[in-house]
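Please construct the entire structure, taking both the sequences and the accompanying hints into account.
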Amino acid sequence: MAEQEPSPGLLHAIQQFSEEASPIDFVLILEHWPLFLEGIWHTMVLVALALVVGGIISIPLAVIRANRTPILNPIVFGYVYVFRGTPLLVQLYLIYYGASQFEIIRDSFMWPILRDAWWCTIIAFVLNTAAYTTEIFRGAIEAVPHGEVEAAKSCGMSPNTINRRVVLPNALRRALPAYSNEVIFMLHGSVVASTVTIVDILGAGRILNSKYYLAYEGFIAAAILYMILVYFITRGFKVWEKHWHAHLRPREV
Amino acid sequence: METVIAYMPSILSGTWVTVMVSLCSVLLAVLLGLLGAWAKLSGSKVAGGVAAAYTTLIRGVPDLVLMLLLFYGGQQALNDLGEATGWWGYVEISQFTAGVFTIGFVFGAYMTETFRGAYLAIPRGQVEAAVACGMAPKLVFSRVVWPQLVRFALPSFGNNWLVLLKATALVSVLGLHELVWEAFTAGRSTRQLFTFFFVTLLIYLVLTAISDLGLRWLDRKYSAGVRRA
Chain A
1 MAEQEPSPGL
11 LHAIQQFSEE
21 ASPIDFVLIL
31 EHWPLFLEGI
41 WHTMVLVALA
51 LVVGGIISIP
61 LAVIRANRTP
71 ILNPIVFGYV
81 YVFRGTPLLV
91 QLYLIYYGAS
101 QFEIIRDSFM
111 WPILRDAWWC
121 TIIAFVLNTA
131 AYTTEIFRGA
141 IEAVPHGEVE
151 AAKSCGMSPN
161 TINRRVVLPN
171 ALRRALPAYS
181 NEVIFMLHGS
191 VVASTVTIVD
201 ILGAGRILNS
211 KYYLAYEGFI
221 AAAILYMILV
231 YFITRGFKVW
241 EKHWHAHLRP
251 REV
Chain B
1 METVIAYMPS
11 ILSGTWVTVM
21 VSLCSVLLAV
31 LLGLLGAWAK
41 LSGSKVAGGV
51 AAAYTTLIRG
61 VPDLVLMLLL
71 FYGGQQALND
81 LGEATGWWGY
91 VEISQFTAGV
101 FTIGFVFGAY
111 MTETFRGAYL
121 AIPRGQVEAA
131 VACGMAPKLV
141 FSRVVWPQLV
151 RFALPSFGNN
161 WLVLLKATAL
171 VSVLGLHELV
181 WEAFTAGRST
191 RQLFTFFFVT
201 LLIYLVLTAI
211 SDLGLRWLDR
221 KYSAGVRRA
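If you read the protein sequences in the order shown, they are chains A and B. For what it's worth, my numbering labels the leading residue of the first sequence as 1, then goes sequentially. For what it's worth, my numbering labels the leading residue of the second sequence as 1, then goes sequentially.
Please note that the accuracy of each hint is not assured.
What the hints assert, rightly or not - Pulled from the structure, derived: some chain B residues nowhere near chain A, Cβ distances all over 10 Å:
| hint | residue |
| --- | --- |
| 1 | Ser13 |
| 2 | Ser42 |
| 3 | Lys45 |
| 4 | Gly125 |
| 5 | Leu162 |
| 6 | Phe194 |
To be verified - Each pair of labels, with its calculated beta carbon distance range:
| hint | chain 1 | residue 1 | chain 2 | residue 2 | range |
| --- | --- | --- | --- | --- | --- |
| 7 | A | Val239 | B | Asp219 | 19 to 27 Å |
| 8 | A | Lys153 | B | Arg220 | 34 to 42 Å |
| 9 | B | Asn159 | A | Glu142 | 48 to 56 Å |
| 10 | B | Ser223 | A | Glu142 | 38 to 46 Å |
| 11 | B | Thr85 | A | Phe26 | 46 to 54 Å |
| 12 | B | Ala132 | A | Ile71 | 53 to 61 Å |
| 13 | B | Ala53 | A | Glu241 | 20 to 28 Å |
| 14 | B | Asp219 | A | Val27 | 48 to 56 Å |
| 15 | B | Asp219 | A | Lys211 | 19 to 27 Å |
| 16 | B | Val131 | A | Trp33 | 55 to 63 Å |
Claimed, not checked - Derived coverage of chain A by chain B (criterion: at least 3 residues anywhere in the stretch with Cβ under 8 Å from a Cβ of chain B; other residues may be distant):
| hint | segment |
| --- | --- |
| 17 | 76 to 88 |
| 18 | 117 to 125 |
| 19 | 159 to 166 |
| 20 | 188 to 197 |
| 21 | 202 to 213 |
It is worth saying that the hints were derived from the structure and are not from the lab. The structure displayed is predicted, hence computed values, not measured ones. C-beta: ideal position from N, C-alpha, C; glycine also.
Structure, rendered in structure tokens:
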């Protein structure tokens with residue numbers, strides 16, 4: 001039997017229903033799937049890049065904070081205080097719009113980077129998430145039982161080896177639940193990228209809305225896409241936690 | 001420096017709007033939070049389900065998306081409804097209202113968890129003891145439950161407040177003349193955007209510092225009689 005095509009009458013009826021009767025025009029959203037796919041891609045790349053780079057930066061900063069390293073500790077404290085105490089939107093604006101105020105920057109090799117919305121957003125996101133992650137990791141490092149560090153010391157480990165072999169593996173593992181929140185906050189925070197012309201998920205929604213002069217469609221599509229992403233992140237962390245915290249779970253009888 | 005002083009009145013009026021948006025939204029958030037916590041603790045399946053859906057929705061959707069949806073979509077929905085039923089004419093949601101309602105709605109979800117956790121931290125025996133002393137339910141609430149609810153909720157409330165204060169910057173995207181918007185306007189007309197956003201940064205830090213002091217004062221007041229280890 002030949003494959004049956006959906007009758008043109010049915011397609012037409014769906015389209016007509018979507019445009020006229022249904023409160024939101026879902027066919028229009030589905031027709032623009034490449035736009036939203038681009039948005040998802042940009043959001044995911046931005047958030048993932050910021051988290052990876054920010055996470056790598058935050059580990060030494062957290063060690064400095066936890067060990068109260070002289071000179072460096074107040075500097076790191078100041079950085080963390082400023083970036084946690086001010087809105088991400090203002091941080092992004094300061095870098096994106098603010099950099100052009102200075103001629104030195106405009107004339108320097110940095111200008112091609114600081115002129116570009118994409119790079120500015122990455123820089124702002126990295127600095128922001130590194131500050132929050134530093135605090136999370138610092139708390140986790142300070143929660144490592146002192147006896148473990150003493151035991152390592154009495155085995156003759158150097159401070160660096162203790163950090164690498166005992167303190168950090170333990171602390172990073174403990175930080176996982178708090179870190180999963182930071183990942184979700186970063187995803188939520190990433191919507192400000194759409195205010196500096198980047199087509200992230202919300203940016204895609206805004207383009208759709210302004211193109212057809214709509215009030216909800218783009219935003220509802222964006223909201224649903226963000227919810228799906230959050231769902232997968234939460235699920236992912238549950239699996240990861242199960243794997244990493246296997247030794248902490250109560251034993252099954 | 002002189003340009004900053006020249007624009008100080010508009011920056012300060014923006015700061016005032018930011019503070020007002022924050023205070024109005026935190027009030028709404030606390031009300032929604034108490035309601036949500038009550039719904040989750042009530043044991044009723046319907047109320048608990050609604051509260052669970054509410055907190056899941058908020059955890060899933062970024063605040064700016066909800067804000068734009070309410071500001072543009074909510075307005076159209078209200079007008080469509082008004083036109084269809086003939087109950088009201090053309091209404092316009094102001095940026096201030098949209099901002100306060102969205103931020104209040106979003107943080108109400110976080111406050112729900114704050115108050116639920118705080119209520120569960122109150123030892124059950126104390127309520128039983130109060131009932132055994134013959135206190136009426138209202139008296140039990142006002143003398144035993146409420147003071148401790150505030151005490152246990154304060155640390156998490158403080159965190160939420162600081163996050164909320166920063167979230168109000170997003171209302172500038174709707175065009176409300178708050179701190180960020182005023183700084184943007186001043187910076188663009190003087191071509192000194194860095195200077196003005198730097199001032200904005202400092203003002204947010206001052207607001208955070210003042211909040212810290214206030215929260216510490218509240219903490220001292222509500223933990224009178226608590227012995228710390």
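Unsatisfied constraints (hint numbers, rising): 5, 6, 7, 9, 10, 11, 15, 18, 19
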